[in-house]
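**Q** Sequence:
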Amino acid sequence: MSFLSDLRWRGLIHQTTDDAGIEAQLQQPRTVYAGFDPTADSLHVGSLMGLLVLRRFQSAGHKPIALVGGATGMIGDPSGKSDERNLLSKEDLDGNVTGLAAQMSRFLDFDAGSHAAEIVNNYDWTGPWTYLEFLRDIGKNFPVNVMLAKDSVKSRLGRENDDGKSGGMSYTEFSYMLLQAYDFVHLHKTYGCELQAGGSDQWGNITAGIDLARRMAGAQLYGLTWPLLTKSDGTKMGKTESGAVWLDADRTSPYAFFQYWFNVDDADVGGCLRMLTELEPEEIETLDAARQDDPGGRASQRRLAEELTRLVHNPAGLAIATRATEIFFGAEITNLNDAQLGQIFADVPSRELAQSQLADGSLTIVDALVEAGLAKSKGEARRTVGQGGAYINNRRIDGIDTALTKDHLASETVVVLRSGKKKYALLRFC
RNA sequence: GGGGGGUUACCGAAGCGGUCAAACGGGGCAGACUGUAAAUCUGCUGGCUCUGCCUUCGCAGGUUCGAAUCCUGCACCCCCCA
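If you want this note's numbering, it's the position in the first sequence, counting the first as 1, plus 4.
Calculated directly from the structure, the hints in this document are not laboratory data.
None of the values given here were measured: they were computed from a predicted structure.
A hint or two may mislead.
To be verified - Under the rule of at most 27 Å between Cα atoms (straight-line distance), these lysine-lysine pairs were calculated in the DSSO-like manner:
#1 Lys427 <-> Lys410
#2 Lys240 <-> Lys85
#3 Lys382 <-> Lys410
#4 Lys380 <-> Lys426
#5 Lys425 <-> Lys410
#6 Lys85 <-> Lys158
#7 Lys243 <-> Lys193
#8 Lys144 <-> Lys193
#9 Lys85 <-> Lys235
#10 Lys425 <-> Lys382
#11 Lys426 <-> Lys410
#12 Lys85 <-> Lys154
#13 Lys410 <-> Lys380
#14 Lys144 <-> Lys154
#15 Lys243 <-> Lys425
#16 Lys85 <-> Lys193
#17 Lys380 <-> Lys425
#18 Lys382 <-> Lys426
#19 Lys154 <-> Lys240
Please construct the entire structure, taking both the sequences and the accompanying hints into account.
**A** The following block contains the structure:
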């Protein structure tokens, strides 16, 4: 199976500018680029797809360039957005660019000789321009009627002010595509990059770059897009009630990240395995079959979660996530130290109490539940215990008068309380 | 301006002098079941120093041995007639 047909099999090809041309291109090592918006200081699941596509290109012997949009981020890409975007400050952007670059380095190989990855920031070549130079050299090549025909522009101009917000778009956002178009030309000139990849919402920007290269340099460049990662119910992948799923362990813990993938619907998990993992087609098809025969086993979800957690958080992060999963779903908590517990229960609220309370037996399970915030009142705590819903270190506590002692410590200073199936809190005794 | 109805715990809604911390439904919590799904079933659902005590039925006052329930005033909401 050729590289391109593998991408196609995985469902990663939404559109290309020239199927045959790209197929021919990729017979030899080439340079490919994809852009990333520095709207936050961490990447999230939405941008994972792009990184993984670049990674596939690199594995196939091509040179990947990850472009961080330090300049375009100042303008705001109107593609796929229904409203004008708020502008970020230069300082925020700089911070975000640095953060993203650090994360990206985990996915790409910068030591691969002729096909070593590069991270570039388009502010480096866009920043020095003057407005007049830009208009004369770049703007001159863009017919307004073509710009107006782009979906990203059309959809915004056609908007009515029915939601009370101002419709249309600013001149600033309208100019966005010129900057991204020039990025492609610049990377072609500097790195010989002839292929740009992006999400399907980037089609208009990619073709703008191809047009510009033809006009400015007489060069034939190529583009391909991958589909946006959506769930079978039409909503975006990578969003939870509490917001985006981030790749930064401080924003989304390895456990939470693992759980997100472990809970993907049966209907979506096949696509995720194809698009987001580097498993061989045979293994993915085996998992498809297993899902048919034994959906309850959820082998697909487990494999997906393992693969992605290992990739994003390294084997150590996966180990924490797996251990946390065992514990959060009932395994008794013993033989751990404070540091391990801290990692496993990174997302769990904690409360500090005096160690003397363990010594004199003054803290009952009822008091502890209230102190930890797992019960609003002692009455509620009593009910929880009475109904068999109270646990210390995942061991059910029956006696309503049970007092906490040093024997209940799961580690040097921590007692793990739980109410019901999955509400946890830590008490630290120091 | 005249007449009528209403205001109950997280929400909706019964209760119309003692047996009311207040029926019932929803929600929530806990348990069972289960694929860490959905559905279902069971229990609980004001607080506390808990065989008792305290606070709650729009607000303030009154009648009564005793009031969410009766009376007076106030506030807000709804309907009908002008």
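**Q** Now tell me if each hint is right for this structure.
**A** Against the structure, the hints come out as follows:
1. Lys427 <-> Lys410: Holds, at about 23 Å.
2. Lys240 <-> Lys85: Holds, at about 14 Å.
3. Lys382 <-> Lys410: holds, 22 Å
4. Lys380 <-> Lys426: Cα-Cα ~17 Å, so holds.
5. Lys425 <-> Lys410: holds, 25 Å
6. Lys85 <-> Lys158: holds, 12 Å
7. Lys243 <-> Lys193: violated, 38 Å
8. Lys144 <-> Lys193: Distance of about 19 Å is within 27 Å: holds.
9. Lys85 <-> Lys235: With Cα atoms ~19 Å apart, Lys85 and Lys235 stay inside 27 Å; holds.
10. Lys425 <-> Lys382: holds, 19 Å
11. Lys426 <-> Lys410: Holds, at roughly 24 Å.
12. Lys85 <-> Lys154: holds, 13 Å
13. Lys410 <-> Lys380: holds, 25 Å
14. Lys144 <-> Lys154: Cα-Cα ~18 Å, so holds.
15. Lys243 <-> Lys425: Status holds; Cα separation ~23 Å.
16. Lys85 <-> Lys193: violated, 30 Å
17. Lys380 <-> Lys425: Given pair Lys380, Lys425 holds - Cα atoms ~17 Å apart, limit 27 Å.
18. Lys382 <-> Lys426: OK: Lys382 and Lys426 at ~20 Å, within 27 Å.
19. Lys154 <-> Lys240: This hinted pair holds, its Cα atoms lying about 23 Å apart.
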